[in-house]
Amino acid sequence: MGSRASSLLREEDIEEIKKETGFSHSQITRLYSRFHSLDKGENGALSREDFQRIPELAINPLGDRIINAFFPEGEDQVNFRGFMRTLAHFRPVEDNEKNKDPSAGEPLNSRNNKLLFAFRLYDLDRDDKISRDELLQVLRMMVGVNISDEQLGSIADRTIQEADTNGDMCISFSEFIKVLEKVDVEQKMSIRFLH
Amino acid sequence: NVVLFFCEWASRFFSGIIAKEPTSLEEELKEIRRSGSKFAMSDIFYFCRRGVESIVDDEVTKRFTAEELESWNLLTRSNYNVQHISTRLTVLWGLGVVIRYCFLLPLRLTLAITGVTLLVVFTTIIGFLPNGRMKNFLSEKVHLMCYRICVRALTAIITYHHSENKPKNGGICVANHTSPIDVIILASDGCYAMVGQIHGGLMGVIQRSMVKACPHIWFERSEVKDRHLVAKRLSDHVEDKSKLPILIFPEGTCINNTSVMMFKKGSFEIASTIYPVAIKYDPRFGDAFWNSSKFGMVNYLLHMMSSWAIVCSVWYLPPMNRQEGEDAVQFANRVKAAIARQGGLVDLLWDGGLKRSKVKETFKEEQQKLYSRILVGTHEDRSRS
Chain Y
20 MGSRASSLLR EEDIEEIKKE TGFSHSQITR LYSRFHSLDK GENGALSRED
70 FQRIPELAIN PLGDRIINAF FPEGEDQVNF RGFMRTLAHF RPVEDNEKNK
120 DPSAGEPLNS RNNKLLFAFR LYDLDRDDKI SRDELLQVLR MMVGVNISDE
170 QLGSIADRTI QEADTNGDMC ISFSEFIKVL EKVDVEQKMS IRFLH
Chain P
704 NVVLFFCEWA SRFFSGIIAK EPTSLEEELK EIRRSGSKFA MSDIFYFCRR
754 GVESIVDDEV TKRFTAEELE SWNLLTRSNY NVQHISTRLT VLWGLGVVIR
804 YCFLLPLRLT LAITGVTLLV VFTTIIGFLP NGRMKNFLSE KVHLMCYRIC
854 VRALTAIITY HHSENKPKNG GICVANHTSP IDVIILASDG CYAMVGQIHG
904 GLMGVIQRSM VKACPHIWFE RSEVKDRHLV AKRLSDHVED KSKLPILIFP
954 EGTCINNTSV MMFKKGSFEI ASTIYPVAIK YDPRFGDAFW NSSKFGMVNY
1004 LLHMMSSWAI VCSVWYLPPM NRQEGEDAVQ FANRVKAAIA RQGGLVDLLW
1054 DGGLKRSKVK ETFKEEQQKL YSRILVGTHE DRSRS
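In order, the protein sequence lines correspond to chains Y and P. Taken in order, the first sequence gives residues 20 to 214; the numbers are from our numbering. Taken in order, the second sequence gives residues 704 to 1088; the numbers are from our numbering.
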């Protein structure tokens, strides 16, 4: 008995993940169950195909980019630690965390880190700037074939114009933050995890 | 259709890993539109969040594995999250194993073999009789008797509700599908004409002898793809009022009995009365769901016969007919909603075929179209003002 998902996760691992991500013990075991059920190959890691098997994700226009966010640079497999680290970005920001010890480092679900996650969905080549091309790519993913190249191009140009403050025709991370300063990022990029 | 998908999400607040927000794409983006810009870089937040929500918990993939139980029922196969099992529980479990495998299983196997053998033998004998009232009468009796023996073989405890709505000749009976046992459960309470593909082996032998006693509709593998042929044979059958009602499972595949998935419209295109039936199993005594990608038929039957019991409820719903101006798909969805409501199951629009195949691109295209309309729509508003 017990050769099931939950017993493959050791207590030490759970403690470490708890410290790193802020998830509770029961949340971690439930998410491990989910991880295990997605892992069809049963090799302790998820591949891109495992994610694409989820129909609701497959029909999401940004599905591929979101899946990409789970995989570290150049790798094809994500283990449970990596899975949790990425999910941690979507934990709601609780009040008690704002008073946390600053030397512990910024929590993964801070406003800044949520914005960085979103920024990286645009910035495919990880050069810390969103170029016109990268912006167009994401726009094209979201609109499909329904808007012409010219119209999409002008939308992209206007967006960059409004955001770009240093005139390099790209959007840096700080310019990105400025554009979104009035948006309730904490709420829009959070998922209500139950206990 | 896309709006319907989003509405489904609204009612998923029950036990789960996360609570999903019921806002739609339009609602969220309208909030940002107040600032007047056409496109906002924060537009991706919606898709991003929805995407990650579906990674944590989605409505489809969990329908193809057995339902998780709140507390353990002493069957190893249902042990998902129980990490720590005390000594006392282990002893109870051990006792359970002895009772189930040494006592219940052999008993049930004997009954099952008896039931199947009698079915084959008697239906073959009846096949020699000339067609007529006597043949039909005997065929009914034989079928019912053998199915009832099989029900005992599974220790199936079935509660039938609203038997006054039982399907009549010339109609089509549709039910939600969880396992091949569904057939035994329904056929032990009434006589049906079965529909299906003809198999080889033991299954084929049973099928071939059954059809000697009364007209079932078996298809060769090649004929299954020919939708017109299938429709024609079904129509011909229902037109003949002396023939038994057809039993069909429109989902086309086994689902884990927590939801009802898309009904294929084929059976709803035929002009006849539909008798919906809802079947709900109680998973605490033994989960009846057949996970065909994990277990073969023999393994599955072994599981069934070594469970505590198969407990289920069957509701016969009032007959439904296609209404004026309703097409087959709408009718199918209406029937599906009625079955889901009665059985306490989640009503999903997703296709059960997603168990094995990829989702169609058209759904993504619908979302893209919706988003484009929001983008371009704002442009039109601005050019007007």
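Just so you know, the hints here were simulated from the structure itself, not pulled from any lab data. Glycine is no exception: its CB is placed at the ideal position from the N, C-alpha and C atoms. Check each hint, because a few of them may be wrong.
Using 25 Å as the maximum straight-line C-alpha spacing, the simulated DSS-like pairs for lysine-lysine come out as follows [as the list claims (entries may be wrong)]: (1) Y:59 - P:1063; (2) P:844 - P:944; (3) Y:59 - P:1058; (4) Y:59 - P:838; (5) P:1063 - Y:148.
Beyond 10 Å from chain P on every Cβ pair, some chain Y residues (computed) [to be verified]: (6) 64; (7) 75; (8) 129; (9) 148; (10) 178.
Going through the hints against the structure:
1. Y:59 - P:1063: Distance ~21 Å between residue 59 (chain Y) and residue 1063 (chain P) Cα, so the pair holds.
2. P:844 - P:944: Holds, at roughly 19 Å.
3. Y:59 - P:1058: Roughly 13 Å between the alpha carbons, so the hint for residue 59 (chain Y) and residue 1058 (chain P) holds.
4. Y:59 - P:838: violated, 51 Å
5. P:1063 - Y:148: The hint is violated at about 34 Å.
6. 64: Non-interface label on residue 64 (chain Y) holds, nearest chain P Cβ at 15 Å vs cutoff 10 Å.
7. 75: violated, 4 Å
8. 129: holds, 16 Å
9. 148: holds, 13 Å
10. 178: Violated, because the least Cβ-Cβ distance between residue 178 (chain Y) and chain P comes to about 6 Å, which does not exceed 10 Å.
In this structure, the hints that do not hold are numbers 4, 5, 7, 10, in rising order.
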